[in-house]
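There are 2 protein chains.
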Amino acid sequence: MLAIGDELLSGRTKDRNIGHLADIMTAIGVDLKEVRIVPDEEDRIVEALNALRGAHDYVFTSGGIGPTHDDITADAVAKAFGVPCEHDEKALQLLAANYAGRGIEFTESRKRMARMPRGSTHIDNPISVAPGFAIGNVYVMAGVPSIFQAMLDNVVPTLRTGQKLLSRTVTCPFGEGVIGAPLGAIQEAHPDTIIGSYPRYEEGKFSTELVVRGRDEEKLAAATAAVEAMVERLKAQQAA
Amino acid sequence: MLAIGDELLSGRTKDRNIGHLADIMTAIGVDLKEVRIVPDEEDRIVEALNALRGAHDYVFTSGGIGPTHDDITADAVAKAFGVPCEHDEKALQLLAANYAGRGIEFTESRKRMARMPRGSTHIDNPISVAPGFAIGNVYVMAGVPSIFQAMLDNVVPTLRTGQKLLSRTVTCPFGEGVIGAPLGAIQEAHPDTIIGSYPRYEEGKFSTELVVRGRDEEKLAAATAAVEAMVERLKAQQAA
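Protein chains in written order, with numbering that gives the first Met the number 0: chain A, 0 to 239; chain B, 0 to 239.
Okay, chain A solo, but in the shape it has when bound (with noise of 0.2 Å):
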């Protein structure tokens, strides 16, 4: 994902598009792999991009693509890809049917909402009629969060997914400190899961999250009766 808006760095806004499409992506069996930020800067934004799109299968960027002088998105994507940024002729009468229902004057500032890179295709944005586009294997979203959301639902069906990955959460009452050797012993001997661990520091105290996932419901289910097992003797072993 490409996330890009200098209200992300300077932090005037806080993201809440990554953890979004991160929960998706999850929940289709697509691995997020690679977050980047960065300003609304011409040369970065096309830097980043062709890192991504070159290293990953899909890209999906958020921001930079409404009305005003430094949305600059749909050029710097379409500098990436080589072709030229233009008016589409679709969203130009998309947005046009809009503003007209509404009795607002469509300036030059709203049509720079329809330029995209030539050969783009739309994605629809149910909100606010502004589509996004994607272009190779790069989807350009809005940077609102809620539009953001509502396109990324259009897209998400046209994705090729993997089998869901499936995931199981133990809680555990201990730190990772306690934890750490007899849960690598556990990764060690169930090589085909991920499991992670979340430690959270509340009111003085460490516990932890423990997150098992995998593919496979029957090597998903062992690894995680080997971590209930391992917190259960940790239990026992407090008590005794």
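Simulated from the structure, these hints should not be mistaken for laboratory data. Take the hints with a grain of salt, since some may be wrong.
Intra- or inter-copy, both count: the list cannot distinguish identical chains.
Below, simulated DSS-like cross-link-like pairs (lysine-lysine); rule was C-alpha separation at most 27 Å, straight line [said to hold, decoys possible]: (1) Lys218 with Lys110; (2) Lys234 with Lys110; (3) Lys78 with Lys32; (4) Lys89 with Lys204; (5) Lys32 with Lys13; (6) Lys204 with Lys78; (7) Lys110 with Lys204.
On the provided structure of chain A, position chain B as indicated by the hints.
Same frame as chain A, but now just chain B:
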């Protein structure tokens, strides 16, 4: 910044450190220019870290310095710098004294938290003792937000910071379609400021926060006045 952890990419954990670092850097006049999120995979950490530390003055990392088998950040940073990763005597003593005082066994897993690249200096951890570390222009900190924040508080006074970046926010009841063109003209007329517009879409209505940033108080005031005048002019047109 480099945020490290499978849990960030699976959606299990929603990152809170990027936004905090962005806020702090803005407050002290350091421009955050790029963020990457990578999984707990050595090659990916090494590659991203070398790219970032070559391109930027400072790199801040979060995550992967706990005691479990998937905490591989110290090893990856050592590999990126081409130095050995080894137990640090001072860190071992700190941790040993802490665990002894609490009557807790100092296990091999816990000793992992004293490992760091040769030549590192400590970043104190007032919350859970196990230190972060700095090597070259890279600051390696914990992923748990409260610990990340405490470590960052210890790092900030050691940085060469620019003048504080000043900012003014103008709340604007119009969407970006209305303000795009006049705002672009104001940006062109005030090149020493950075003018951003941050759309909000709530309850079916667009509005924007217009943020004017700059290092020079007078130039900032002039650009802000121009933005405020634009908003008032648009309000008057609306009312007419």
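Okay, the hints, checked on the actual structure:
1. In this assembly of identical chains, the alpha carbons of Lys218 and Lys110 never lie at most 27 Å apart, being 53 Å within a copy and 31 Å across copies at closest.
2. In this homomeric assembly, Lys234 and Lys110 come within 27 Å of each other (Cα to Cα) only across copies, at 22 Å, whereas the closest approach inside a single copy is 64 Å.
3. Proximity of Lys78 to Lys32 under the C-alpha cut-off of 27 Å is found in both arrangements, the shortest distances being 24 Å within a copy and 21 Å between copies.
4. In the homo-oligomer, the alpha carbons of Lys89 and Lys204 lie at most 27 Å apart only across protomers (24 Å), although the nearest pairing inside one protomer, at 57 Å, exceeds that limit.
5. For the homomeric pair Lys32 and Lys13, the shortest alpha-carbon distances inside one copy (21 Å) and between copies (15 Å) are both at most 27 Å.
6. With identical chains, the CA atoms of Lys204 and Lys78 are never at most 27 Å apart, being 51 Å at best within one copy and 33 Å at best between copies.
7. For the homomeric pair Lys110 and Lys204, the shortest alpha-carbon distance between copies (19 Å) is at most 27 Å, but the shortest distance inside one copy (55 Å) is not.
Going down the numbered hints, you'll see the structure goes against 1 and 6, while the others check out.
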